[in-house]
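Undergrad: Let the sequences and hints guide you as you build the complete structure.
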Amino acid sequence: MRDVAIIGVGMTKFGELWNQSLRDIFAEAALKAMANANIKELDALYVGCMSSGLYVYQEHLASVMADYIGQAGIPATRVESACASGGLSVRSAYLEVASGMSDIVLAGGVEKMWDTEDGTFVLATASDQEFEAFNGVTFPGLYAMMANAYMHRYGLTREELAAVPIKNHKHSVNNPNAQYPFELDMKAVLSASMVAEPLRLMDCSPITDGAAAVILCPLDRAKEFTDKPIKIRGIGSATGPIALHDHKDLTKLDAVRLAAERAYKMANLKPSDISFVEVHDCFSIAEIIVAEELGFFEYGKAGKAIAEGQATYGGKIVINPSGGLKAKGHPVGATGVAQIIENVEQLRGDAGKRQVPNAKFGMAQNMGGSGGSSVVHILEAM
Amino acid sequence: MAISPRYTREIPHRYRLEAQKFKCGTVSFATRYICPDSKCTESDKITLKGTGTILSYTVVHIASDQFAKETPFAVAIIETDEGARLTAQVVDCKPEDVKIGAKVEMVFRKIMEEGASGIINYGYKAILV
Chain A
1 MRDVAIIGVG MTKFGELWNQ SLRDIFAEAA LKAMANANIK ELDALYVGCM SSGLYVYQEH
61 LASVMADYIG QAGIPATRVE SACASGGLSV RSAYLEVASG MSDIVLAGGV EKMWDTEDGT
121 FVLATASDQE FEAFNGVTFP GLYAMMANAY MHRYGLTREE LAAVPIKNHK HSVNNPNAQY
181 PFELDMKAVL SASMVAEPLR LMDCSPITDG AAAVILCPLD RAKEFTDKPI KIRGIGSATG
241 PIALHDHKDL TKLDAVRLAA ERAYKMANLK PSDISFVEVH DCFSIAEIIV AEELGFFEYG
301 KAGKAIAEGQ ATYGGKIVIN PSGGLKAKGH PVGATGVAQI IENVEQLRGD AGKRQVPNAK
361 FGMAQNMGGS GGSSVVHILE AM
Chain B
1001 MAISPRYTRE IPHRYRLEAQ KFKCGTVSFA TRYICPDSKC TESDKITLKG TGTILSYTVV
1061 HIASDQFAKE TPFAVAIIET DEGARLTAQV VDCKPEDVKI GAKVEMVFRK IMEEGASGII
1121 NYGYKAILV
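These protein sequence lines map, in sequence, to chains A and B. Start counting the first sequence at 1; every next residue gets the next number (our numbering). Start counting the second sequence at 1001; every next residue gets the next number (our numbering).
Treat the hints with caution; some may be incorrect.
Each computed DSBU-like pair below joins lysine-lysine, with the alpha-carbon atoms no more than 35 Å apart [to be verified]:
#1 Lys1103(B) with Lys252(A)
#2 Lys248(A) with Lys228(A)
#3 Lys1099(B) with Lys248(A)
#4 Lys304(A) with Lys1103(B)
#5 Lys265(A) with Lys187(A)
#6 Lys1023(B) with Lys252(A)
Label pairs and their in silico Cβ distance ranges [to be verified]:
#7 Asn19(A) with Asp1092(B): 48 to 56 Å
#8 Ser63(A) with Ala1116(B): 51 to 59 Å
#9 Asn174(A) with Gly1025(B): 49 to 57 Å
#10 Asp350(A) with Lys1045(B): 54 to 62 Å
These aren't lab readings, by the way, just hints derived from the structure by calculation. Glycine included, every Cβ here is placed at the ideal spot set by N, Cα and C.
TA: So, in structure tokens, the structure goes:
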């Protein structure tokens, strides 16, 4: 297996992109990434997307996108793992380059979520249709049940839960691509409309249109294209039970722990080596449980640590410098790729006012469903 | 969404709470070909008694269109007395009465209608006991 580097990145602004179609936003991100890497031709393409069929009635997506970015002829593959589609797209492209099959591969992700009528239904298709969604449980409802189980066991308070979106919104103010780059206070979180108890609207990541793309090539060719290649140091991918009720412990996410263990092992690194992490904070409780599964805090302790400032600049580790899914936005298929882009910008030293100082290793943790899948990447500044 | 054609094969678990009991002892409410823990494939179909305990719950305020007119409604993860897990609505009570550790019994109820011309789906819900 060859070492692999990221040599170019590109993304759209995240938000309500009414004047652009699904293919428009993917092409904007892909062409920006290709320009960033100074390339005109690709050897292969991967597109992560959860549900273009249900959202905008377009399938056969990899060919649509290869064609629309002027690359018809290359092999192109769509990758789907619900909200972890983007992370799995990057992993798939990594394997193609590392194996020697191809040299220049684009890994992208895209989701057009505002063009649909019943987005709650579409998102619930990432749960177990027959045993969960059929009985009326929504996606926020699944994470709400994790939150209630966690609060019951560990005594996490409603205010500690609110500290997660408050911190992430504070970070997002310095991200020009963020959907909601404004600060939140405790009152705004605790008075927001109820979605699924105890989760309120401000605990939930938003509906977002957006696309993101990165270009991978063999590390030994990276300097042909960029002065600041970023090495993919470790990757871990894992699955978990599809239905939340089949998780042995409702306060844990086994797929995240397994993916992280694999990524740390491949990278030969440990949690204390990581300067910052982009985590999948689809709901406030998710960031707390994920931060524990990644090894940054002990079980039952991450909520309090985040509320005490341990997950922001000057703390133990910076979690979600981009603003996370909550404030940056969560176009489900694009999210995992956008997390990698935040890593690349931080490790290149190009993150402006949200720069994490002296960052050598960064991490991205992407997750599908209620823990049915997770992909973890560790990246390294060269 | 049209899921009507498949409903006949869902009848055993939706109507009768049929579950899979593996030789290793694991009971799975989603009938399976293989035990996810022991990987054993020898099993019998059993019928759950329909009694169990709430492991966690939520009260859904924003639902998909099919359930929108029922909000707010309680949903819980239940461990049955046989050790199987399932997710179901908790009804015939105030949502605020639903608690972790509460004992429940499964009942046969209407779940939802598939639009104006689709079939009416029935299945299981839980009541507090």
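Undergrad: Check each numbered hint against the structure and report the violated ones by number, ascending.
TA: 2, 5, 8
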